[in-house]
Amino acid sequence: MASVPHDASHGANTGHGHDHTGHDDHHHMPTGIMRYVTTTNHKDIGSMYMWFSFVMFLSGGTMAMLIRAELFQPGLQILDPERFNQMTTLHGIVMIFGAIMPAFVGFANWMLPLQLGAPDMAFARMNNWSFWLLPPAAILLLGSLLVPGGAAAGGWTLYPPLSIQAGMGMDMMIFAIHIMGASSIMGSINIITTILNLRTPGMTMMKMPMFAWTWLITAFLLIATMPVLAGAVTMLLTDRHFGTTFFNAAGGGDPVMFQHIFWFFGHPEVYIIALPAFGVVSQIIPTFSRKPLFGYASMVYATASIAILSFIVWAHHMYTTGLPMAGQLYFMFATMLIAVPTAAKIFNWLATMWRGSITLETPMLFCLGFLFLFTLGGFTGLVLSLTPVDIQLHDTYYVVAHFHYVMVAGALFSAFAAVYYWGPKWTGWMYEEKLGKIHFWWSLIAFNVTFFPQHFLGLAGMPRRIPDYNMQFAEWNMVSSIGSFAFGIAQIFFIIVVIRMIKGKSGIRAAAKPWDGAEGLEWTVPSPAPYHTFETPPAFK
Amino acid sequence: MVPSLAAADWKMNLQQPNSAIAQQMFDLHTLITVVCVVIFFAVFGVMFYSLYAHRKSSGRKASQFHESATVEALWTIIPFFILLVMAFPATKAVLDMRDTSAPEMTIKVTGYQWKWGYDYIHEGFGYVSTLATPLAQIKNGETKGENYLLEVDNPLVVPVGKKIRVLITANDVLHAWWVPALGVKQDAIPGFIRDAWFRADRPGIFRGNCAELCGKEHGFMPIVVEVKTQADYDIWLAAQKDKYGVGKTINAVAVVDSKVYTRDELVAHGKTVFEGAGGCQGCHQATGKGIAGQFPALDGSKLVNGPKLDQITLLLNGKAGTAMASFKHLSDKDLAGVMAYTRSSWSNKAVEFAQPIDFAKARNGGVLPAGAVAAAAVADKAVASTEVGVLSAKVYFANGQKELPSNAKGSIDAALASLKGQHGKKIDITGYTDKAGDRVANLGLAKERAIAVRDALEAAGVKRDQINMKPPGEVAGGADNKEARRVDINLAA
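Quick mapping for you: the protein sequence lines, in order, are chains F and P. The opening residue of the first sequence carries number 1 in the working numbering; numbering runs sequentially from there. The opening residue of the second sequence carries number 542 in the working numbering; numbering runs sequentially from there.
Among the clues, some could well be false.
Stated by the list, open to error - Straight line, CA to CA, 30 Å or less: simulated DSSO-like cross-link-like pairs of lysine-lysine:
no.: 1; chain 1: P; residue 1: Lys602; chain 2: F; residue 2: Lys207
no.: 2; chain 1: P; residue 1: Lys830; chain 2: P; residue 2: Lys812
no.: 3; chain 1: P; residue 1: Lys602; chain 2: F; residue 2: Lys434
no.: 4; chain 1: F; residue 1: Lys207; chain 2: P; residue 2: Lys812
Hints were generated in silico from the structure; no laboratory data involved. These numbers were taken from a predicted model, which means no experiment stands behind them.
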C-alpha cells in the first residue's frame, strides 16, 4: 500500500528505458499530489484504491460503532431514531461500495498486470478516471450527513416508497451510486480487456492464476448488474422529482418492482464481493500448503456456475413480499442449488491443504479464518434459503449475522490476507509476523463475539434496523456491542501494522519471492515492485 | 413488571410456536441446523486434522497431487442429494403456508407510519393499534416494563383454533406484519393486498414487530395478538360491536361532540395528545421545530397559523408522498385539541382555532352528518333554536338496498328531538331512488326505504298517526348519486 518508489523525477528525459529492474526514466512525471492526480500507473492507482478503501472502511466502521453504541442497552441514548437509520443505511453503502469493492479493485490493479506479465492495465487513462470518480462519490455520500434532513435513511436497499419520502440526502445517495457505478463499469472493462489481451505469451486461459479468473468473472457480473442498479435508482429519482410513478401503485406502478430490479443487481453483487475473495484465497492456500491448487479446472467451473446462478435467485430476498407460491418454490430450489458449487470450492481448498506441508503465517491464518467463518455464513445462507424458515428470519438479526459472516469474514478477512500476502511485494518490507498474528486472533475473536450472538437475537425475534428493543434482547446485544468495539480497535491496530510494514519496522527486506511456496509471475520481479514492470512480456512455462 | 434478572434468559432459539405453520418452521429450522452442524464438524474436523498432521514443522514434504475426478464428482453429488432431502419438508411447509383457502374469519391489516389498523371486515368495525409504551421509558426516565416496546393500546383479538386469514396492505410505505409465534410475516405494500393465515393453537398474548423498515418510528410499531377462547372472544366481539354501534337497528355512529370548548380546555387536551404515545412530537418534536428536511416545523408554520380548514384537512387526510399520515382515527376532540395546542404553542399565536364539531363537519364533506343535527342542537342552544323549526333530516341508503343503514340513528334522533314538546306536530317521510332501471321497481324500493325509516321512528316511540307517508320519488342520476338514495324526514307544514 506504499507509494511506489520511483526515480523518474530525478532522471533526464533520455528516451526509453527497458530495464526490468525498474530504473525507468523515460518520462517527466509530476511530483507530489499531481503525481497521483495524473497517474496512469497501475501500481499508483492500485495503491490509491486501497487507501481510499481504508478511509471508507474507517468511516463505515465509525458508523458501525455508533450503531452498536446505541444498541448497547435498551432505550434511546446517543442517536435519535432518524440518525440511527441514516447510520445503518450509510454503513451498508459505504462498506459495500466504498470499502470492500475498491479494496479488491485495488488488488486487481496492483496484481493483475504482475500476475499476467502485462506492463500495465489495458486502458491506463480510463483507469485513472475510474479511481478519481470515487472521491466525489464518497464526498456526496458522507456530505449527505450534513444536509437538511440528513443522509438517506431507508436502508442500503433504498426501498420505495420510503426512499421517495426522504430528503435531499437521498438524491445525493442516488448520484453517488451513479458515479460509483460508472467507476465500476470502467474498471471492469479495463480488467476484462487486460485479462483477455495482455497475458504474456504462453499463458492460456486455463493457466491463469485463480485471482485473474475470479476477477474476470466478477467484472462480467459488474457490467451486467451495475446498469440495472443505475436504472433502479434513476427511476427512484424521477419518481421523486419528475412525477413518474414507477413504484407508486396509485399511478399504475408497483413498489415491489423496485425490489425485483434492485435484487437482480443485489444478489450478483454478493458474488461481486465474494468471488475476488475466493481468488485471493485460492492464491494463498496453495502457497502456504506448498502444494498446487486442487482441482483448478473445477474451481473455474464452480466460479462460473456461481456467477450464473447468482442471476436467477434474486427473489430469495423477497419471500415475504408475497411472491406467488410457485415463485417461492422456484427461488428456494434455485438458491439451495448454489450450495453445490460453493461447497465444491470449500472442498477444493481443503483438498489443497491435505497432505501438504502447511505453515501458518498471517495470510494463511486469515484464509483459514475466512474458510471457517465463510462456511458458517454459507450454512446460515442455506438455512435462510428455505422459504418457511426465512419467513421467520427475514429482516431479523439472523440475516444481519449471516451477511456479516459472508461479507466481513469472507471478503474482509481475505482482503487482510491479501495485504499481508502481497504487502511485501508492494512495500519491499516484511510485515511483523507477531503483530500480524495478533491482528488475526484479535479480529477473529472479536468478530465472533460481535456477530455470533446476533444469530440468537434474530431467532428470538429481534428485527433489524431498530434503534431500541425489548429487554429480552438486552444481554446478547450488550455482548455483541462489546465485541464490535473490540473489532473496531483491532482495525486501528491493523493500520499500525501496515504503516510499520511500509516504514520497514520489521527490519526484514522482502525478497523477490518472500514465500517459499508461492507460484506466479508476480514473484519474479523485485520487491518492492519497480514502477514499471514487464515492458517486454516475460517467459511463461 | 418482571425484574431484569428474570428477563435475562439469553434466548437462543425461535419462539415457541403457537400454530401448525410456526411449528413446521420451527422443526424445519431445527432439522437444517442439525444437518449443517454435522457437516460443519465433519468438514472442519478434516481441516484441523490436516493442519495438525500435515504441518511443515513435522518435517513433511508436500505431495503434489492436484486433481481427482472421482472425489470431485462425489463432493458435488453428495451435497446435491442432501439438498434434495431437505427440499421435501420445506416444500410441504410452503404449500401449507400459502394455502389461505376456506378461512373461518378474515381480518384486514393496514400498516401506517407508525401504527397498525385492524378491520374486522365481516363484523363491520375496525380500530387502530399503537404503541403503549410511555415515552419516558424509551427516554430512560422510567423503569422499562416487561413488555417494553411490545405493548399496544388495542391488540388484535382472535378466537383460538379458527383459521384466520389476514389481508395485509399499507397506507404509506412498506411495513411487514410479523408475529413469530403464529408463523406469519407478510410485507404490507401500499396499493396492493397480500394475504397470510394462521390458526392459533392455544389462547394467550403473542407479540411481534413491524419487520420492514418504514421510517423513523419503525422500531416503535409493535403487533400484539390476543388469542381468546371462543367464549371469551364472543364476549369481546359483542362489546366491540356495542362500542362501534354495529348491527343495531338504531346505532350510535353519528354521535357528535358538539360541545363548545374554551381554547384553554382544548390546548390542555391537545398537549396530552401531542406528547402522548404515537403523538405528533415523535416527528415534529416537543419544541415544534421538527427535523430540518424531514419533518416540517410547526412553530411558525404557515399552515398552523393559517386558515383553520387547511389544517383540519391535513390532519384528517394526511399528505400524500410524505410521512404525514391521516389521523382521522383520532376523535374530533383529540384533533381539535392538537390543533388548538399547535396554534397556541411556541411562537404560534393563531387567532382561529377549531371546535370538535368542525372536524365532524369536515369528515362529512363540510356539513354536519344528518343525525348530528339534534345532538348539536341539544348541546348548543344557539344552534338548537334555529334548527327546531326546520327539521330536514336525511337517511342515505346503500345502492339497491332497503335496509336501514347503520348511521341512521342521528336522523331518527333529530326527528325525535324536533317532535319533543310539540304536540300535534307531524312529520313527512319521502323515499327516493335513482332513475336507473325499471321505474316501478324503483318506486317500490323508494317506498320500502320510507317504510324502514317509519318503522325505526315507531320503534323510537313516535306514534304512527304522527307520520305522513309521502309519495315516493325518483331523482336523476345513477348509483353515484347519493342524493338519489335517501329518505327525507321533514316537519309537516
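Here is what the structure says about each hint:
Of the pairs offered as hints, the one joining Lys602 (chain P) and Lys207 (chain F) holds, with about 25 Å between alpha carbons and a cut-off of 30 Å not exceeded. With a C-alpha separation of about 16 Å, the suggested pairing of Lys830 (chain P) with Lys812 (chain P) holds against the 30 Å cut-off. As the CA atoms of Lys602 (chain P) and Lys434 (chain F) are separated by approximately 26 Å, the hinted pair is consistent with the 30 Å bound. For a cut-off of 30 Å, the pair hint linking Lys207 (chain F) to Lys812 (chain P) is broken: about 75 Å separates their Cα positions.
When the structure is compared with the earlier hints, a violation turns up for hint 4 alone.
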